[in-house]
Amino acid sequence: MNKRVAIVEDEPHIVESLRFILNRAGHDVIVADNGDAAIEIVKNDSPDIMVLDIMLPIKNGFEVLKWIRSQTRYRSLPVLMLTAKGQDKDRNTATSLGVDAFIAKPFSNDEVVDCVNRLLVAERPGG
Amino acid sequence: MTDASRTPIGFKIRELRKGLGLTQAQMAKSLEISAPYLNLMESNKRPVSDALLPNMAQLLKVDLEQLTGTTERRQMDDLAELSSDVLLDGLELEKEFAAEVVGRYPNWTRAILRLGQQYREQAQALSTLSDRFNRDPALGATMHRILNHTTAIRSSSEILGDTVAMDPEQRQRFGQIVLEESQRLSAATESLINVMGRDADTTSLHSAPQQVDDFIVHNQSFFPALEDAADDLRSRIDALGSTTESALVEFLEAAHGISVVGVKADSVDRSGFRNGSRYDEDTRTMALLEYAPGTTRRFQLARLVCSLSCPDVLEASTITPELTTDPARNQANAYLASYMASAMLFPYSEFFQDAETHRYDLQLLRQRYSASFEQVAHRLVTLRRPGEEGVPFAFLRSDPAGFVTKRYPLPGFPLPRYGNACPLWAIYPAFQTPDRIVRQVVEFASGDRYLFIARTVTKQRANFMEPRFVHSVMLMTSVLDADRTVYADGLDLDTGEFDVPVGPGCRLCSRDDCSYREEPAAVNLINVTRDT
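Protein sequences, first through last, are from chains U and D.
Going letter by letter, the first sequence gives residues 198 to 324 in our numbering.
Going letter by letter, the second sequence gives residues 14 to 545 in our numbering.
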């Protein structure tokens, strides 16, 4: 059965690429281009995993992650965060908020697909 | 330390004497002093008395100023400040050798100071770059754009490269993405280069204030050509009814075709104003904030009158070896325009007489000349005309964060060029008692004593919501001259028992027991400056 991957990213060309490679890997893709839309997707579309950018309009990636982890119903959703290379501060913040994995931009497509697949089969603590 | 006798000029006298082929005995005889006494002076073991200096200068065929060593005093201060850098910690630089370097090896001194200045500038440039990398939002946003464009290009390229069976339309689509993102990446990179280019400009500006400082010190805060030009201008404007605001407006209109307009406090167009005024060269319009104090409006009008009426005099004054870059010459030109405005509004001899008569009472002088505290304080610093010399003052202005926003040094007075001054200086406590003068007799670790006079000045606000903007202004003079001022009355200038123990700033201060100390001291180096 296909898994549903939520992509939260406001750069349309990056979204197009991610959609293509995840579709090619056999997953369905739903897209949000801002933090509020991401939360709506979590509530309404029951994604199996989220690929989340940090710099987003309205609510940033950290705020979205914090909201997800604060909700009993959604807190076990695996979240893969897209960070800038070398931004240790961002990684520390995301870790403290309970992120499952990071991938640094500019990423390789294989890296993203492998990470998504790995997280989909992994058991999340408290999940 | 304002008297020439404290300057290490002995070595210079010896070099000049030898250059002329004079023996100590010959020179001593001409000066009607003993040869051993001359020997002591040449070894810097006895001060050179003021009475001897004119004859000595004549005998050695140099200017008095050249002999008394204004430049050397400045170099001693600069050397001491440079030597206090943490980079030189532990080198135990002996004061005797520093004095000898300055007195005997002027070229070596210049070389050391030039290297030091370069080092400071480059350190400052690095700091600016570091700030930009870490905190500049423009750079952060540009880097974010570059990262996203690169990500899109890489991801799309990989798709094109590793997908064998692909719809031609999709292939064309990802090709298009690569093309578009490459173009955006180029634009973002160009933008990054522009952002970094700003740093280059900023870096080159760093030396400008220092050059202007040297320029002011070299001229001892006095510019006779500007005084003369200001006198001429004043006599022309006086024909319109003294240098009142309305006369200045009339003069600007008649002589230069300038329209002067008032801008009300509730106007939406209040951007680009500096010191209550905004001059538009294209439309030849001078806009004045109506709620700015009359003293500010008048001064800004006078400043514009000087800039437009005497550009040649101002420019000629900046053609000098101390000013080597365009930013430095521009800053000096701006300083000189203010100087000339001040000279026009406060006629030298009249103001000097009033200052002496009223013992430098700034409040009284403000009323007499309808001027602000800062304007009067600034004019007092410039009273250095030979034969009509006022009390020698240094001037400092600070914002509440401790950042020095204006400084007019006095040879021998240790005004810091970099960083903050000593937090005990009256300029800082003055913020605690706004609009009241704070007097202070201070003693440096070297034993030099000064009178400090500080007061806050507040800019007029347009409305309640506009932030209140306060500066603190301070005048400093040696206790030797302090009794010429009203501010010394009732203070103990003689015993020093109640002096506030201060330093020039932590790095140059040897007071180990000071509870305000923030940095370790470079003890040996302060002695270099003060004890020679």
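Hints in this document: simulated from the structure, not taken from any laboratory.
Positions of the beta carbon are idealized from the N, C-alpha and C atoms, including for glycine.
Treat the hints with care, as some may be off.
Said to hold, decoys possible - Some, not all, of what chain U presents toward chain D, calculated at C-beta under 7 Å:
#1 Glu208
#2 His210
#3 Ile211
#4 Phe217
#5 Gly223
#6 Met252
#7 Ala301
What the hints assert, rightly or not - From chain U, some residues computed to sit far from chain D (all C-beta separations above 10 Å):
#8 Ser214
#9 Ile218
#10 Arg221
#11 Asp225
#12 Ala281
#13 Asp285
#14 Phe304
#15 Asn314
#16 Leu317
Hint check results:
1. Glu208: With Cβ-Cβ at 5 Å, under 7 Å, it holds.
2. His210: Hint on U:His210: holds, closest Cβ of chain D at ~4 Å, below 7 Å.
3. Ile211: Since the shortest Cβ distance to chain D is 5 Å, the answer is holds.
4. Phe217: holds, 6 Å
5. Gly223: violated, 15 Å
6. Met252: OK, holds: U:Met252 within 7 Å of chain D, min 6 Å.
7. Ala301: Violated: closest Cβ of chain D sits about 9 Å from U:Ala301, beyond 7 Å.
8. Ser214: Non-interface label fails for U:Ser214: nearest chain D Cβ at 4 Å, not farther than 10 Å.
9. Ile218: violated, 7 Å
10. Arg221: violated, 7 Å
11. Asp225: The assertion about U:Asp225 holds, with a minimum of 18 Å to chain D.
12. Ala281: U:Ala281 is in fact no farther than 10 Å from some Cβ atom of chain D, at 6 Å.
13. Asp285: holds, 13 Å
14. Phe304: violated, 7 Å
15. Asn314: holds, 17 Å
16. Leu317: At about 20 Å from chain D, U:Leu317 clears the 10 Å cut-off, so the statement holds.
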